[in-house]
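Participant: Spelled out, the chains give:
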Amino acid sequence: MIRFEGVEKSFGAARALDGLDLVVPEGAFAVLLGGSGAGKSTALRLVNRLIEPDAGRVLLRGRDVAAEAAPALRRRIGYVIQGIGLFPHWSVARNIGAVPRLLGWDDRRIAARVEELLALLRLDPAEYRDRMPAELSGGQAQRVGVARALAADPDILLMDEPFGALDAVTRQALQAELRHLHAATGKTILMVSHDVEEALALATRIAVMAEGRLLQEGSPRELLDSPADPRVRDLMDGGALGMRRLSLVPAASLARPDGAAPEGLPRIPAGATARDALEAMLAARADAALLEDATGVPAGVVALADLLRA
Amino acid sequence: MAGFAVLAPNRIVPPRAVALMDADAFAWLLPAAAAALGAAFLSGRAAALACGAALAGLLAGLGATGAALAGGSTVARLGPAAGAWVAAAALLLAARLALGRAGAGAVARALAAAGFAAALAALLAAGLLDHVSLVREAVARGPEVRAALAAHLGLSAAALLPALAIGAALGAAAFARPGAAPAIIGGLAALQVIPAIALFALLIEPFAALSRAVPLLREVGLRGIGAAPAVFGVFLYLLLPVAAATRAALGAAPAAAVDAARGMGFTPAQALLRVRLPLGAPVFLGGVRTASVQAVGLVTLGALVGAGGFGVLMFQGLGQFAPDLILLGALPVAALALVLDAALRAAEEGLAR
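The listed protein sequences correspond, in order, to chains E and R. Here our numbering is used: the first residue of the first sequence is 1, the next is one more, and so on. Here our numbering is used: the first residue of the second sequence is 1, the next is one more, and so on.
Same shape as in the complex, but just chain E (with noise of 0.2 Å):
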């Protein structure tokens, strides 16, 4: 668990965070969202202590922050940035491997932990371990920069503006990943955005700032029903509330068992969100989708009336 306790910083004249408290439960995935200046990347920074607080305090666990010292506190806490920052003199398994070396494992575990990262962000250990992060692209890269922010199996994950540099492509793919890394470690990520998309498909929990303050905390169906201000309503709204509304929820919750369900329906895996199942149902110029198990078997029928319950 993470608390932020009235926290303030300023920066020379600039006032960074005006106040800010916030609860971040254990093994949430946190998004903090808002625009530029809106003192998310700062508040990130206080956690692991690359910024210290001029009042209010952090707390980890209900342990203060400052309590510890910096270097050992950090290497207790992934930390993933938007320039990746990989160590271009170091290959991809010294990279991943840094701060277990710090730690001072020694060097069996360490390839080891390095061959099970890399397969974990489905990169091939055989291919990727020997090369120089130059040999990479974008998305490798990351790939590269989460396992290595992963190597030592921290509690807590600091994350500030991870795809941001990262086509859209990819940017999708690495989501998936790490939402499945996310449901597969339990661990609590607190990742910095400025994406509603990104932090719709991402977070259990989102943190709403503006102006160095919190302006709404709540899981993403919360904010999207019932904004506590203008500002965090324009932000979810955007022009698409009723989409977003259906990219939260799993069509399945939507579904009728399938016993008469008409011939030729288009099929969408059972996993999929009601968005996908309306655009499916658009897509095939359907009022109906058929949901089907990973075998291919019928497991259910969401039609275009189901949605408005969305």
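Possibly wrong hints are sitting among the right ones.
These stretches of chain E come out as covered by chain R in the derived footprint (C-beta under 8 Å, 3 or more residues) [claimed, not checked]: (1) 84 to 90; (2) 93 to 104.
Derived DEER-like restraints, expressed as beta-carbon distance ranges [unchecked claim]: (3) E/Arg101 / R/Leu161: 29 to 37 Å; (4) R/Ala173 / E/Glu8: 28 to 36 Å; (5) R/Pro178 / E/Gly35: 27 to 35 Å; (6) R/Gly179 / E/Gly271: 53 to 61 Å; (7) R/Ala209 / E/Ala69: 49 to 57 Å; (8) R/Leu97 / E/Ala165: 28 to 36 Å; (9) R/Gly103 / E/Ala184: 45 to 53 Å; (10) E/Met1 / R/Glu349: 47 to 55 Å; (11) E/Asp234 / R/Ala173: 20 to 28 Å; (12) E/Pro25 / R/Ala255: 27 to 35 Å.
Hints in this document: simulated from the structure, not taken from any laboratory. Since the structure is predicted, the reported quantities are computational estimates derived from the model, not experimental observations. The C-beta atom is built at its ideal place from N, Cα and C for all residues, glycine as well.
Put chain R on the given structure of chain E with help from the hints.
Facilitator: Chain R alone, transformed into the frame defined by chain E:
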């Protein structure tokens, strides 16, 4: 003087021109010409090798011409004239271009230079060049040349080593405190504006005063005239390239890598040793290279304020209007500078890889 070479019966008498036909050195010169022609049809390293062979043949041909024309004289000397100079320069240029076109790195170029130096040494050892004027002069002044080499290297090192230490410290200070950087780098740059001879002369009086005030310093050889003003003056000039390179080297690591290192829990010392220094090393070495080459060149002027080194031979040669003596001072300085440059460039390339 036009012609292939010039022959003088001794060091004093003006030389006369020698044409290719005057002496039978074709046993060397014809193969040399063939090798030079062959280079035009070869490519890359083979062409460079042919140019080197042609150059060695040309030198041996000069030596053979000298031997043939000197008769039994042990003082007659043959010097290269326009023909030989142009041929040698053209061959050197062609060899360098061929190496460049072959994509040879600094290490390969250094190897090529070392190979040519070895061939030259073999020619000298075989006595083939005994009648060439420069070799005559060098043999006659052997102890002086050796003393000049030792003094030149000693003076250069005496200026360079403290400049590396203090320049690196100043560069690190300029990096750590960006506010102070313009003052530090600007101050060192201002020193460069003072001409070397003027700076050496300006330093004579302070060192003389220091020497008078502290007898102990005089006893260890520190005086107003001599090595002290030259070494200190050169030291001052070398501070800028070293400090500027140090500052640039410390900032050479990508900002994201430095941020990541901090954020992952590298201590400041670990970030410096494992990220900043390895990534900045080639940049720093570039500054060391510039400073080393500058040191070897600037120390030459130190002869004017009484420091030793090859400058002594050069200025003696100028005073006596003895071109061989001037070259005897100038060629080793140029060779030293080229060797240092090649060696440090090879080290840079090795590090950058």
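Participant: Please go over all the hints and tell whether each is borne out by the structure.
Facilitator: Going through the hints against the structure:
1. 84 to 90: With 6 residues in contact (Cβ-Cβ under 8 Å with chain R), the coverage given for the stretch 84 to 90 of chain E holds.
2. 93 to 104: holds (count 3)
3. E/Arg101 / R/Leu161: 29 to 37 Å: holds (34 Å)
4. R/Ala173 / E/Glu8: 28 to 36 Å: At roughly 33 Å between Cβ atoms, E/Glu8 and R/Ala173 fall inside 28 to 36 Å, so the hint holds.
5. R/Pro178 / E/Gly35: 27 to 35 Å: holds (30 Å)
6. R/Gly179 / E/Gly271: 53 to 61 Å: About 57 Å separates the Cβ atoms of R/Gly179 and E/Gly271, which means 53 to 61 Å holds.
7. R/Ala209 / E/Ala69: 49 to 57 Å: holds (53 Å)
8. R/Leu97 / E/Ala165: 28 to 36 Å: violated (42 Å)
9. R/Gly103 / E/Ala184: 45 to 53 Å: holds (49 Å)
10. E/Met1 / R/Glu349: 47 to 55 Å: holds (52 Å)
11. E/Asp234 / R/Ala173: 20 to 28 Å: violated (50 Å)
12. E/Pro25 / R/Ala255: 27 to 35 Å: holds (33 Å)
Hint compliance for this structure: hints 8 and 11 are broken, all remaining hints hold.
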